[in-house]
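Turn these sequences into a full structure, and let the hints guide you.
Okay, here's what each chain looks like letter by letter:
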Amino acid sequence: MAAPVLRWGCPGTCRAIAWVYGVPRRRRGAWTGSTSSWIRGQSSLAQEPLHTSRKPRKGEHKWAAVVGLEIHAQISSNSKLFSGSQVCFAAPPNSLVSFFDASLPGTLPVLNRRCVEAAVMTGLALNCHINKKSLFDRKHYFYADLPAGYQITQQRLPIAVNGSLTYGICVGKRRSQVTTRTVRVKQIQLEQDSGKSLHDDLRSQTLVDLNRAEGQLRVDANVSVHHPGEPLGVRTEVKNLNSIRFLAKAIDYEIQRQIKELENGGEILNETRSFDYKLGCTVPMRDKEGKQDYRFMPEPNLPPLLLYDTTSLPAGADSQQVINVDQIRERLPELPSVTRERLIQQYGMLPEHSFTLLNEVGLLEFFQNVIKETRAEPKKVTSWVLNTFLGYLKLQNLAVRESPVTASALAELLDLLDSKAISSSAAKQVFEELWKNEGKTPAQIVSEKKLELMQDQEALEQLCRSVMQGHPEVVMDVKKGNPRAINRLIGLVRKATLGRADPAVIKAILEKQLSCH
Amino acid sequence: LLGQCLELSVSAALKQGQITPIELCQKCLSLIKKTKFLNAYITVTEEVALKQAEESEKRYKNGQSLGDLDGIPVAVKDNFSTSGIETTCASNMLKGYVPPYNATVVQKLLDQGALLMGKTNLDEFAMGSGSTDGVFGPVKNPWSYSKQFREKRKQKPRGEKEDSNWLITGGSSGGSAAAVSAFTCFAALGSDTGGSTRNPAAHCGLVGVKPSYGLVSRHGLIPLVNSMDVPGILTRYVDDAAIVLGILAGHDPKDSTTVQDPVKPFVLPNLTDVSKLCIGIPKEYLVPELSSEVRSLWSKAADLFESEGAKVIDVSLPHTSYSIVCYHVLCTSEVASNMARFDGLEYGHRCDIDVSTEAMYAATRREGFNDVVRGRILSGNFFLLKENYENYFIKAQKVRRLIANDFVNVFNSGVDVLLTPTTLSEAVPYLEFIKEDNRTRSAQDDIFTQAVNMAGLPAVSIPVALSKHGLPIGLQFIGRAFCDQQLLTIAKWFEKQVQFPVIQLQELLNDCSSILENEKLASVSLKQ
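One line per chain: the protein sequences are A and B, in this order.
First residue of the first sequence? That's 1 in the UniProt record's numbering, and the numbers climb one at a time after it.
First residue of the second sequence? That's 1 in the UniProt record's numbering, and the numbers climb one at a time after it.
Just to be clear, a hint being listed does not mean it is correct.
A few chain A residues that face chain B, going by a derived Cβ cut-off under 10 Å, partial list only [unchecked claim]: (1) Phe100; (2) Thr107; (3) Leu146; (4) Gly149; (5) Asp201; (6) Ser204; (7) Leu210; (8) Ala399.
Chain B stretches covered by chain A per the calculated footprint, using a threshold of three residues with CB under 8 Å from any CB of chain A [unchecked claim]: (9) 223-229; (10) 415-423.
Worth flagging that the hints you see were computed from the coordinates, not collected in a lab.
Since this is a predicted model, take the numbers as computed values, not measurements.
The beta-carbon is built from N, C-alpha and C at its ideal position, and this holds for glycine as well.
Right, dumping it as structure tokens:
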């Protein structure tokens, strides 16, 4: 028996599947999208890049690609879909396995309410029709990490169907414009996760971990190519893609491979392939899993899953026993597209900036906290958060929550900048100091490093005079009418002030002094 | 209230201190040893039972009895999970498998202070109707050794070997039936998927209850067909079965198919007037294969109700003839699915072959399952294939609905219970039984019982009389869904009218000095 001891309780892991069907497109899009929840996977994957490696010659047919995605996203719940055992990332192998998870004879699945709510919420977020009655099925195949010999899923009547997701992609030469696309969602289904097999080829052993809470996201991509106006091509399925980057690469590769194969007179087999991330190519899978007859059958141990809305709720129903879709709808957080629109309207933000703010976990919240605490213009804040702050994070590969600079500190810094207490370049220096996380406030750093803007007019005039005296050749240049020469003088004065003077003020003084000469 | 109904019972005897739980336990253990040749038990849990008896005795001494079942010996079919006790399903596949948890029904019995005497024999994974196809060998019907049967046989020509003509118990809960019939326990759990509790009850002269689907938790019952399985109860008297059912019934959070509504304890009233009852006699159950003796008893029973003022009417269940085929398709399909977990990896038998995982699966399953199980798995997988699913599984489901609707229609027309035979005939000798294969036998023997499982209804087999060979014959009552109490109330009235004789096993147990005492105890059973 694989499982050591286990919680006496009820039921398995869960995950929702969304089938995302793309429509053929002509242009290649960037991978954008993403929200802070796990729905993220679906929006970002809704792509059907079509691109041939070379431009079609005259008279040659163009190719169109069709891509459908099967997205397995793990529901963030405390316990598994059909058992009371916990879900916990990186727990020791087989430490979170109930009797049901180990498929001990006589154990029965019990549906986890939290997972159903998560599925309904996902369905609502993706504009799906929520089925008030859905069913569970058994999908059979033999595999070492599938202890029951079948997986409980929702094949025939899933919890949500017919959804859509509108997402933006960056287009244009500099990818600076955002255009929207819509992808259709065929269905969302609750499905029990299988276990994890670890193959030890050296000892020819396979170790099985039935904890099941590993990858948060897994995608199978179905890809085919055809000539526009002609029937769809034969599809292949690239399985087990576990990152968005690999998903994009695998699809790109598969489209190219199919086009090449067809143009060379070959044919595409309806087969299951895997993506070799080292070689960057797809290869046929050795086992014939994709061709199996899964012998679907209704799961007799789970009654139909019934959902209610406020009008259909049975009188006197125990709120713990029934799930009210309307209540879940009320609890739905602001959806990413709405947030982005709000940012654009409220702060005059560029659409692409709104995407970036939402793509990074915690960045939007950080941004909003800075805005709350600073007098600086929203555009200034956007620029600092997206360029400086995000730049530093990326450089060190840190998440927002790991940042050494707090939103308050950045707000204070931006206030100093806004009140012209420091210059932009001084502000950059302060930020760099803040990043070192030595517990100093921006004001302390400014004061210690003497980064305040020089406000003393007389001192500045004195400095300008001595710079002009020290560089008569530049002064001559100015007088000869070289318009750029004055900038050299400004630069020299700023250098002399250690960057603490406002260039506009210096320019005014210099111009005044030059005219007096 | 219960106390007022009690005349003399083991339960009362325990309460009054006429016998102690340890004494009772020891008597049953000694009977188990004497009747070992019946092969009723796969595992005898002597130590567990004695320990439980000690605890029970303490409770009685302190006046803290847990109820009617405290100190009462019970047996459990070996397809219910028992924590720390081997659970085999009479299969090589699960030899040596010790579950880490108790089935809900087992736990409920133990929580009431019942003594677990052991795990009883069955057909492998409950697939059969004779209790002849388990890896531990066939179960012998105690009636083969009864005075009633022996006396009739004396008139037969001699020459045959004395023991070669022993009778089957019926199945698949034959071990549980034999265990109760031979006085080794007072109640036993069986399971009933197509008649597996009612069939052996009929052949062993016992009451066999198949509760409504959803009334009793299946958690821990190793499944045959999830959508039809129910834990069954075997006792000598209806009242005893009602006590046990009252304890087992109710919602179980571990079984999502159990009823949510709270279930009240079962107390069966003594029915005195049946004139308001309507008894339905389904005409389709009058089949040519039905033995004339069963047919005549069935008819007498109907007359009895009529003579007591009940309305007895012929009714029709028009889809009955499709039932057994439909049952076969649905049963094998679920079997194919449910047996998939036995792959040799996590628990149970594993072969020595380690060339590849697939080879290991194949050899493990070939070695672990008998022909009957393998045959059903193959058929079931065939029916579930994508190309066959519509034509077999879906069609069978539709027919199942029609069969269930047949019952609904009859009950809606005012019928309270249906009265039918339980089996075609009395128990047959083993040598006779094995002339036909398991599939043929199951199809014949489940004929009156499996439709009830497809409709999820409650049913009970009641022993009625002895055949001319001195063997028990049972009749079946079928009730409305979740009207188990009404069903048992009618069955109790009927039981009282027919006065079925107690099995006489003196000859078999003649070296047992305390036989009379035992006999006296057993004859009153739990409560009478």
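Hints not upheld, ascending by number: 5, 8, 10
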